[in-house]
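Asker: Need the complex rebuilt from these two chains, each delivered in its own frame; the hints are there to steer you.
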Amino acid sequence: MSVMTEVTIFVLAAFVGFEVISKVPTTLHTPLMSQTNAIHGIVMLGGLIVVGYANDPLEYVIGTIAIAFGAINIVGGFMVTDRMLGMFSKKPKPKADGDGKPGAGK
Amino acid sequence: MIEAVLKPGGDAATALYIVAFSLFILGVRQGTHPTTAKRGNMIAAVGMAVAVVTTLLLDGVGNWGLIALGLGVGTTVGVVASIRVQMTSMPQMVALYNGVGGGAVALIAWSEIRHGISLGGDIPLEELIPTLFAAVVGSVSFWGSNIAFAKLQDLIPTRPLAVPGQQVINAVLLIGIFAACVDIAVNNGDPSQGLFIAILLAAALLGNLVVLPIGGADMPVVISLLNAFTGLSAAAAGFALHNVALIVAGTLVGSSGTILTMEMATAMNRSVANVLFAGFGGAPSGGPAGGGEERPHVSIGAQDAAIKLAYADTVVIVPGYGLAVAQAQHAIKEVADELEKRGITVSYAIHPVAGRMPGHMNVLLAEADVPYEQLKEMDEVNPEMPRTDVAVVVGANDVTNPAAKNDPDSPIAGMPIIEVSEAQQVIVIKRSLSPGFAGIDNDLFYEPNTSMLFADAKQAAADIAAEIQNL
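For the protein sequence lines, the chains are A and B, in the order given.
Each residue of the first sequence is one higher than the last, beginning at 1 in this note's numbering.
Each residue of the second sequence is one higher than the last, beginning at 107 in this note's numbering.
Hints in this document: simulated from the structure, not taken from any laboratory.
Keep in mind the model is a prediction, meaning the values are calculated, not measured.
Any given hint could be a false lead.
Derived DEER-like restraints, expressed as beta-carbon distance ranges [to be verified]:
1. A:K23 - B:Q273: 35 to 43 Å
2. B:N380 - A:S22: 16 to 24 Å
3. B:T141 - A:L58: 43 to 51 Å
4. B:L280 - A:V61: 24 to 32 Å
5. A:V61 - B:L225: 17 to 25 Å
6. B:F560 - A:L58: 56 to 64 Å
7. A:K23 - B:D475: 23 to 31 Å
8. A:G86 - B:Q273: 43 to 51 Å
9. A:T5 - B:H436: 50 to 58 Å
10. A:T5 - B:L175: 33 to 41 Å
11. A:D56 - B:H436: 50 to 58 Å
12. B:E446 - A:T5: 53 to 61 Å
13. B:L225 - A:S89: 44 to 52 Å
14. B:A572 - A:K23: 37 to 45 Å
Quick reminder that beta carbons are idealized off the backbone N, C-alpha and C, glycines included.
With the rest of the complex left out, here is chain B (with noise of 0.2 Å):
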């Protein structure tokens, strides 16, 4: 049996806890470059194991039996799951482990209420104030996120569900939430448990009917929001529990998931604000998109589209998310390893938004093997394109639309794209000439120098590979 040894707030216990956060600031530091991120994330995981373990030792520590349980319940799902997931469902598997993160926030918040309550509820503000704090954005976090998953899983529609009057109830939950705080905060001498189980569900339905008008085009910002809530939660909790490294660590996350979140909200050109509140991309904007119908446009084969890779000297491969839906990526790996062949060089331009979740669409062309040093961003790319002979638009709509920049009016007017209309030639891959997740037309397929290749994007990858294999 274990023997507690530890004192809870002893200088070897936070000496302890100095030496996990410690390695996880190290481990996320070595994330900087590909070929350190790996032991960079061994290392985090080793800080994680001596946390646990110091944890495991302190002196109060018990009912060894529960402790088991919920250890081994956890370690199979998270091994089961994390072993099973593909790598086009990984922003689901994200938002999903980052809604139990949040729920377990939200849970320990509830027993440390508890817990003081049966001390006899006299609660210190330095400890209540922030178990608050934890339960609400921990809930929110928990239920957001499971929204998050269930939309990206398909299980509930990625289009916005617009709630009547949703913003106005988000307001009245939202003071409710806070008159409620207040009112146990002032009350910490005899704290209502109840008020707070209302707490708990309320900030419960502000998570579900905050994400659930956000649209799918969307989801790279909101699930880095949620990432920073849960980590925020878990600091505030470290604050409850006056645990040191739960405030470090839960604040590293807090803040690396606030830097994502602006970088994405920027790359759309949008505030964070107007995400979560605007649900744009709603399914009404049926004005260009719908009414006018057929513009002319060059539709060609994958023959025609061989010939014209296979005689050019730059490609830039242009990915997005229908490329993952199809998961092409792998298909479009043989097609840049024909031309290569050929002695053409190529490389992907990746929008930052490009995909499910920031950087969603490297993970995917790391796993077909794409080196990375070919993965190029928007801003590296763009002055190239018009020197580029040929870009090929695997699945992506709105981030190539040049409406963004050409047409003030546009809904996306100012969001920072990548110009392939700029290059020479462009072949857009693509089901049909549907509208992206903006609802808007794509002005780059009416283009006089873009060719529109209508297929499912894996298929036609395929038939172009072994095309060019045959010229």
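Isolated chain A, as found in the complex (with noise of 0.2 Å):
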């Protein structure tokens, strides 16, 4: 793939996030954050493949706390994203409207 390519995938991409997220609810900021925060933890894949052409022991090393890292990252933020939706699902008995829509304001 060529350069301009990337980088055109790059600005296209900067713009889908600011379409999406621009959307999302300051209720939901936590989560969203959390969420994306698990999201970049996709440089896991930048380890799985250095990793694969290491050949000396620092190489190693370096490749498997990058792997760890990732892991964490991804694990543990998706995780936890999911514990604090779980919240905000569990609402026992649902508001007379049916819709519930915030942000009706007046």
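Answerer: Written as structure tokens, this is what we have:
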């Protein structure tokens, strides 16, 4: 893939990110941040790749720590987000109006 | 034994990565509503599983023992930590996860450089530049997040720690890092690993120095900014490794973190640069807070508070970080339940920077089973204030200070506040009259319609709930 293709992907992804995330209400900002936090744990893929061509002890150590760090980031991030969101969904009795849209205001 | 079947950068691998990042986007998209967000998180996690499995199947991925070790240790730590953490500690948990992500990026960049050198040193610039970027930002993010974690966990003082001449030191470090990067890029035929390690260390120092002077109240901004940084560094690692999944996922996080950072800064009426470099909320601002002392105020007990509340029609509760510290969210919910039994309308006014990270207060209240429909944002609740009978401020301070609106000379002038002083009556539950993070006195406490209830938030709420029951 050429660099310019990658840059194109980068720019488009940035716009998609802005669009999608600006729709998330403040109520959910902490879970959102925690979830995106888990998503950047995807750097673990880099660890998996570099450990494949590691060929001295230091590189083994670096690669393994990178994988462990990435795994903490991914597993911890998604699980903690799940716990938080579980609290939003366990509602004993849904309020009268079925729609329940926040922000009706007046 | 798993057999490597996919060619790196080949169509099959890329297609699977496209599936993975589409699931990320869908997952975040579902996060726009509380009822679908949990499923959204699952979808994103499935996307991650697809990405990981795809990578494990790539040709050239090996050293299975090390991979198993890394995955095993990381997964165990992640699972244990995420089960044990309390909701009040969520900000430091996110900071910690963010830090290890940044650390992983920096280590991968280091490994890439070593790999390049071992192949003869001729690293193409389009890989070298993102590698350097990933190393610097990843390292800053790792150390900065660790400091943020330590501050939030009270391992080091949350008060801003001023290092003399730190602006200059930071600038010198930044210039030095940049110069070293340029040197490596110019000599890309034979990059120096020693210089690269020096860059990692200088970036580590920079991460420490930038976050250390930042006060506890500014943590929401810092955490979202560091989140954005780690995302961008992951995207940079994607450029270096030509991995499309890393580029898209990292960029997604980068833009989400950027949006949140800007929103937080706006909510405090300050620029991001001001948060990072001003060391606002420092100890010395003893001016109005320390000197005068003892302005007249009204102090009441739980019983009086209960009576005021029980005979109101509408009550707005304004929670702040003090509520989180006292773990008072459940007790406050009990008060609200008692009031609702009496047909009183109760809602919660959430300031955008209440708590220690964006939306933190909402999570704490959700933990106490407060329906999210009752959580009102600042802009929504302020017009309602004059029609509110009683506003109860629990552990919040600066975000209710009318000086932000009325006194142009106040350090927090212009900061959007929840205008509780517009309500008919105000009850402030607080341990003392001491100033908040901004280090300034709160005029609200001395207004004629304000009553102070000096107590621990949790105890006070429990007492009020009991008193209401007895009425």
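Asker: Could you run down the list of hints and mark each one as holding or not?
Answerer: Each hint tested on the structure:
A beta carbon spacing of about 38 Å between A:K23 and B:Q273 agrees with the range 35 to 43 Å that was offered as a hint. Between B:N380 and A:S22 the beta carbon distance is about 23 Å. The supplied range of 16 to 24 Å therefore holds. Distance hint check for B:T141 and A:L58: the Cβ-Cβ separation is about 49 Å, which falls inside the suggested range of 43 to 51 Å. Checking the proposed 24 to 32 Å range against B:L280 and A:V61 shows it holds: the Cβ atoms sit about 29 Å from each other.
For A:V61 and B:L225, the hinted distance range of 17 to 25 Å is satisfied, since their beta carbons lie about 20 Å from each other. Take B:F560 and A:L58: their Cβ atoms lie about 59 Å apart, and the range 56 to 64 Å holds. In this structure, A:K23 and B:D475 meet the distance hint of 23 to 31 Å, their C-beta atoms being roughly 26 Å apart. A hinted range of 43 to 51 Å for the beta carbons of A:G86 and B:Q273 is consistent with their spacing of about 44 Å.
Take A:T5 and B:H436: their Cβ atoms lie about 53 Å apart, and the range 50 to 58 Å holds. For the pair A:T5 and B:L175, the beta carbons lie near 35 Å from each other, so the given range of 33 to 41 Å is met. Range check, A:D56 to B:H436: Cβ separation about 54 Å, and the 50 to 58 Å hint holds. Under the hint 53 to 61 Å, the C-beta atoms of B:E446 and A:T5, about 57 Å apart, fit the expected range.
Between B:L225 and A:S89 the CB atoms are about 51 Å apart, so this pair conforms to the stated range of 44 to 52 Å. Checked against the given bound of 37 to 45 Å, the beta carbons of B:A572 and A:K23, roughly 42 Å apart, stay inside it.
When the structure is compared with the earlier hints, no violation turns up for any of them.
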